Amino acid sequence: MKELFINSYCHIKNNRIFVDGKLLYSDKVADSLSLFAKSGYRYIKPSYNKFFKMDEISKLGFLAAEVLLSGVNLTVYNEEDIAVILSNSHSTLVTDLNHQLTIDDYNNFFPSPSLFVYTLPNIMIGEISIRHKLRGENAFFIVENFKADIITNHINSLYLAHKANAFVGGWVNQSENDYEAFLYWVSNEGNILHNAFEINKLYNLIY
Amino acid sequence: MEELIEKLKLQIIEQLNLEDMAPEDIDPEEPLFGEGLGLDSIDALELIVLLEKEYGIKIQNPKDGQKIFFSLSTMAKYIKENQK
Numbered sequence: 083m084k085e086l087f088i089n090s091y092c093h094i095k096n097n098r099i100f101v102d103g104k105l106l107y108s109d110k111v112a113d114s115l116s117l118f119a120k121s122g123y124r125y126i127k128p129s130y131n132k133f134f135k136m137d138e139i140s141k142l143g144f145l146a147a148e149v150l151l152s153g154v155n156l157t158v159y160n161e162e163d164i165a166v167i168l169s170n171s172h173s174t175l176v177t178d179l180n181h182q183l184t185i186d187d188y189n190n191f192f193p194s195p196s197l198f199v200y201t202l203p204n205i206m207i208g209e210i211s212i213r214h215k216l217r218g219e220n221a222f223f224i225v226e227n228f229k230a231d232i233i234t235n236h237i238n239s240l241y242l243a244h245k246a247n248a249f250v251g252g253w254v255n256q257s258e259n260d261y262e263a264f265l266y267w268v269s270n271e272g273n274i275l276h277n278a279f280e281i282n283k284l285y286n287l288i289y
Numbered sequence: 011m012e013e014l015i016e017k018l019k020l021q022i023i024e025q026l027n028l029e030d031m032a033p034e035d036i037d038p039e040e041p042l043f044g045e046g047l048g049l050d051s052i053d054a055l056e057l058i059v060l061l062e063k064e065y066g067i068k069i070q071n072p073k074d075g076q077k078i079f080f081s082l083s084t085m086a087k088y089i090k091e092n093q094k
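Chains as they are written, first to last, in our numbering: chain A, 83 to 289; chain B, 11 to 94.
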C-alpha cells in the first residue's frame, strides 16, 4: 500500500491566515473571531451566502478548508473516498453559551433554532463537506490540546481499511478569548510524510 | 402597511443573518422560500420565533405557516390582522 503524505496545510490564528507556512492574509483591526471571519471571507471571496448563517467556529473551519482545498484538485477523487477528521478542546462551547442566553430568562424564553443547530462540532464538518462535496467518513475528537497522533492513527486506520484515500485532518478550536484552525490535506501525493512528528512540526510553525 | 414591511425587512435581515442583502433587495411580493429569497427550513423556524418575540403572535396551526410566510406582504398582512 502506498504511503500517505501531506501536500498542503493551512493555519488561521491571531487574525492571520497562512497557507503552507506563508502568510496569505492578516487583519490588524478585527478584535474578535466574528469580525476576523467576516474580513477573511471578504478577502477570499468564496461567494457562499450560507457562510453568514454559520456559527463562528464553523466560519473558522469553513475559511481554513476554503484556503486549504483551493489548491487541491478534488475531482480526481471519488466524493465517498475523502474523509474529514477534526479535533478541538472546546467543542462548540461559545455557540452553546450563546444559545443558553436565548433560554436563560423564563420571561424572555425564545430558543434560537439557527443557534441550536450549530451546538455540535460535527456540524462544522457538515458545512465543509457540503461546500466541497466530501461524502466520506468523518469524525470529530474532543481532546485537551492538539494531538497529532490521534488524528494520524484514525486516518491511517481508515486508509488501511480502504474506507478513504484522501483526508482533511486537523484542529479547529474556539474558546471565549481565542481561536485557532490548523488543517492539512493528506493523500498519496506530497513531500511531507504523514506522521505525528511531521504534523507537529507544521503545527508549531505558526505562533 | 408599508412601514411594517420596511420594519420586517430590517428584522429579517438581522434575524436571519442575510449580511449581503439590503432592505431594497427584498421585493415584498417575492416568495421568501425556494426561488425567491432562498430561505431554508431553519429560517422558517426563526421567522416563527420572530413573530412571537417581536409581535406576540403564536402560530397555532403549523400548516398555516406556508401561507403566512409566502412573502413579506403576506407576513405583514397576518401581523396586522392578528396583533393584539
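Since the hints were derived computationally from the structure, they do not count as laboratory data.
Treat the hints loosely; a few may be bogus.
Cross-link-like lysine-lysine pairs, in silico, DSS-like; alpha carbons within 27 Å at most [as the list claims (entries may be wrong)]: (1) A:K135 to B:K17; (2) A:K135 to B:K73; (3) A:K132 to B:K94; (4) A:K132 to B:K90; (5) B:K77 to A:K120; (6) B:K17 to B:K63; (7) A:K135 to B:K94; (8) A:K132 to B:K19; (9) B:K19 to A:K120; (10) A:K135 to B:K68; (11) A:K84 to B:K94.
What you are looking at is a predicted structure, and each value in this text was computed from that prediction instead of being measured.
Cross-check of the supplied hints:
1. Distance hint between K135 of chain A and K17 of chain B is fulfilled; the C-alpha atoms sit about 21 Å from each other, no more than 27 Å.
2. Proposed proximity of K135 of chain A and K73 of chain B is supported: the alpha carbons are some 26 Å apart, at most 27 Å.
3. Only pairs whose Cα atoms come within 27 Å are accepted, and K132 of chain A paired with K94 of chain B is rejected, the gap being roughly 35 Å.
4. Pair hint K132 of chain A plus K90 of chain B does not hold up; C-alpha atoms about 31 Å apart against a cutoff of 27 Å.
5. Restraint check: the Cα-Cα separation between K77 of chain B and K120 of chain A comes to about 35 Å, which exceeds 27 Å; the hinted pair is violated.
6. Between the alpha carbons of K17 of chain B and K63 of chain B the distance comes to roughly 14 Å, so the proposed pair stays at or under 27 Å and holds.
7. A threshold of 27 Å between alpha carbons decides the hint, and for K135 of chain A with K94 of chain B the separation of about 32 Å lies outside it, so the pair is violated.
8. At most 27 Å may separate the alpha-carbon atoms for a hinted pair to count; K132 of chain A and K19 of chain B meet this at roughly 18 Å.
9. Proximity of K19 of chain B to K120 of chain A is assessed by CA-CA distance (about 22 Å); at most 27 Å being required, the pair is judged to hold.
10. Taken as a hint, the K135 of chain A and K68 of chain B pair is honoured in the structure, with Cα atoms around 24 Å apart against an allowance of 27 Å.
11. Under the criterion of a C-alpha separation no larger than 27 Å, the hint pairing K84 of chain A with K94 of chain B is inconsistent with the structure, at around 70 Å.
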